[in-house]
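Undergrad: Sequence:
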Amino acid sequence: MPRRKQPQEALPPRIRAIIERRKELGLTQEELARMAGFSFSLMAKIERGATDPRSLSALYLTNLARVLGLPLSVLLDEGLPEGLEERRPVALPLYPSLQAALSGESARQAYLAPEDLPKGALVDKLAFLELPGPWLFSLTLPFPLTKPLRLLAELRPLVAREGVYVGRLEGHPALFTHEDLERKNFALYPLLQGLPTLWTEGREPEILGLVRAWWVQG
192 MPRRKQPQEA LPPRIRAIIE RRKELGLTQE ELARMAGFSF SLMAKIERGA
242 TDPRSLSALY LTNLARVLGL PLSVLLDEGL PEGLEERRPV ALPLYPSLQA
292 ALSGESARQA YLAPEDLPKG ALVDKLAFLE LPGPWLFSLT LPFPLTKPLR
342 LLAELRPLVA REGVYVGRLE GHPALFTHED LERKNFALYP LLQGLPTLWT
392 EGREPEILGL VRAWWVQG
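Residue numbering for the sequence shown follows the numbering used here, beginning at 192 and increasing consecutively.
Errors might be hidden in some of the hints.
[Said to hold, decoys possible] Simulated restraints on C-beta separations:
#1 Glu397 - Leu336: 20 to 26 Å
#2 Thr219 - Leu250: 55 to 61 Å
#3 Trp406 - Val314: 46 to 52 Å
#4 Ala282 - Ala378: 34 to 40 Å
#5 Thr331 - Glu397: 16 to 22 Å
#6 Arg341 - Gly393: 28 to 34 Å
#7 Ser264 - Arg347: 22 to 28 Å
#8 Leu267 - Gly385: 50 to 56 Å
#9 Glu397 - Leu267: 44 to 50 Å
Worth flagging that the hints you see were computed from the coordinates, not collected in a lab.
Using N, Cα and C, we set each Cβ at its ideal position, and we do this for glycine too.
Full structure from sequences and hints, please.
TA: In structure tokens form, the structure reads like this:
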């Protein structure tokens, strides 16, 4: 017979903390599981008390804590530290394209742990961008484009040695590096069919932002 779901008040504090924080963030079980890197079925078992989060692998446990913005001590039932609210994850807009980000249209939200905020970044200029999409790219990018990506970009004109830039050339969104700019003449290749290959030929692409971090999805 299937195991009966326990009333929430009968669950251990560590599980109640997971449920309450997930609801505060407006996430479904499926969304939380995907962000933490494990299955929806495992998340459901945790919340109904069938799986103790303390039995998770170190990777799953730390991922869950990071997504929820909770200290590991909470998930291990080692007490709620003072100032817990200060560790609440930061909500940032998540856009499917650069055009959507620049147009200011409404966006979904994704979350970043406070300790993962880039040093010196303006939080109100940070946004997640999802790839693939209608981008041009150079061959010097430090991340692969063969799998879906999520970029964290600070959308303001910034220059950084060894930086990766979000920009435009002839109206096309582009990803390129500081190394490319120093070479002056470089090619930008299409990520999707139907887009052109462009050579800068001494022209500098417009810099619209700086890539602060990236994650390979799946």
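Undergrad: Does the structure break any of the earlier hints, and which numbers would those be?
TA: 2, 3 and 7
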